[in-house]
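Chain by chain, the residues run as shown.
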Amino acid sequence: MFDFLQDYDILGAFWTTIQLTFWSAIGSLVWGTLLAAMRVSPVPLMRGFGTVYVNIVRNIPLTVIIVFTSLGLFQTLGVSLGAKDFTGINFRLAVLGLIAYTAAFVCEALRSGINTVPLGQVEAARAIGLNFTQTLRLVVLPQAFRSVVGPLTNVLIALTKNTTVAATIGVAEAALLMREMIENEAQLILISVIFAFGFICLTLPTGLFLNWVAKKVAVKR
Amino acid sequence: MAVPEGGDALVVLEDVDKHFGTLHVLQSIDLTIHRGEVVVVIGPSGSGKSTLCRAINRLETIDSGTITIDGKPLPAEGKELAALRADVGMVFQSFNLFAHKTVLGNVTLGQVKVRRTDRKKAEERARSLLERVGVANQADKYPAQLSGGQQQRVAIARALAMEPKVMLFDEPTSALDPEMINEVLEVMQQLARDGMTMVVVTHEMGFARSAANRVVFMADGRIVESATPDEFFGNPRSERAKDFLSKILKH
Chain U
53 MFDFLQDYDI LGAFWTTIQL TFWSAIGSLV WGTLLAAMRV SPVPLMRGFG TVYVNIVRNI
113 PLTVIIVFTS LGLFQTLGVS LGAKDFTGIN FRLAVLGLIA YTAAFVCEAL RSGINTVPLG
173 QVEAARAIGL NFTQTLRLVV LPQAFRSVVG PLTNVLIALT KNTTVAATIG VAEAALLMRE
233 MIENEAQLIL ISVIFAFGFI CLTLPTGLFL NWVAKKVAVK R
Chain D
459 MAVPEGGDAL VVLEDVDKHF GTLHVLQSID LTIHRGEVVV VIGPSGSGKS TLCRAINRLE
519 TIDSGTITID GKPLPAEGKE LAALRADVGM VFQSFNLFAH KTVLGNVTLG QVKVRRTDRK
579 KAEERARSLL ERVGVANQAD KYPAQLSGGQ QQRVAIARAL AMEPKVMLFD EPTSALDPEM
639 INEVLEVMQQ LARDGMTMVV VTHEMGFARS AANRVVFMAD GRIVESATPD EFFGNPRSER
699 AKDFLSKILK H
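Protein chains in written order, with my numbering: chain U, 53 to 273; chain D, 459 to 709.
The following block holds chain U by itself, in its conformation from the complex (with noise of 0.2 Å):
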């Protein structure tokens, strides 16, 4: 009944998936924590440009966003992002759409973090003489880490899940393997629950593990 699975090299696939979520797992916290820091900061500009960043990608369709990266961005424009080869250029590709995507949501949980810091520890901050950047950096968004492992954990999954759109522009993650096995082999349910265990041993780990770093690192008032 598995004999087929051979022909298969699921766990390839699956690696791909985790190396997509890895670097835009990265990318995002990264990029999403700018975004939050420009949607609190006392510069109008950047407010402005951080709040239409949000609701402009937030709103559009993650599949959308994958395949103009590919379309627009390689094909029209010619943007390769240093890769030589067409699965190393997807790839990143793929990656670079799901950092913009998902900083968004990065952006929006920080941020509701950052509203849980009383406005007390900020005059404090202010009151020793630290400037704008350090109060952010050094006061609040340490607290307001600590308040969204929770909320980020949910984006964390729903990116793991959301690598599977990578597909759609050839990256050989598992989405595209499962379609791949499921036209190829009579085996509609086994393939399918196959795929969703693998899921499933990627994320639950994931989620009990940042569930016990958030009580962990909570912050005591």
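Treat the hints as calculated values from the structure; they're not laboratory data.
A quick note: this is a predicted structure, and the numbers were derived from the prediction, not measured.
In this text, a Cβ means the ideal position worked out from N, Cα and C, and glycines have one as well.
Keep in mind that the hints are not guaranteed to be accurate.
[Claimed, not checked] Distance windows between CB atoms, simulated: (1) K579(D) x F249(U): 54 to 64 Å; (2) G124(U) x D598(D): 52 to 62 Å; (3) T168(U) x E538(D): 25 to 35 Å; (4) E538(D) x I252(U): 48 to 58 Å; (5) D473(D) x M98(U): 33 to 43 Å; (6) D598(D) x S132(U): 44 to 54 Å.
Take the given structure of chain U and dock chain D to it, following the hints.
Relative to the frame of chain U, chain D by itself:
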């Protein structure tokens, strides 16, 4: 204990006005605080005394008038403002210790990031300040693990770590349980004796009597009286002050 009039002026407020919407919270405030002077600001709730205190390091902006500190006008924003705030210590009613940092981390943060002090030296200084305010054995705990009185003493140490020219206290004991008020007041008494310039907004009349060089009485956004503690408590001139004192000193 009295500081001579016309001495070395450190904080000068001239004709300061501020509104919160239609509420005129500060009305043509003129106040000069001399180096080494301890000024206690008292008055009923909503009289503008906290706003006055917060305006001195620009946590509240003012609508008109001027505030100068050590001869320099208060900068509006940016680097200059941050530099000025580093020279003005502030102690809050609700302590506001950085919740994610240990006691030691709270006291070293400003030294390291603003004063660019070497971390080792900053820690040494922090420990000696914590010793001075009597919480040296709590250095590695987090603020939430401390009592209110301990937290406020750490907050004083955090402000002192910046070697401020003047210390502002915005109702430092109002959020404390009664039995913890004295431990904070004692630290403040000691500071006053050591010659620190202090502006203290408080309801602690005992502290005003014993530690202040001057009592400033505010009501409805104005400075109604400014006198030595003996004069003010013994022989208040304005009706408003007499009324206020009769209400709080009765019990």
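Notebook entry, point to check: Which of the numbered hints are not met once you compare them with the structure shown?
Noted result: none
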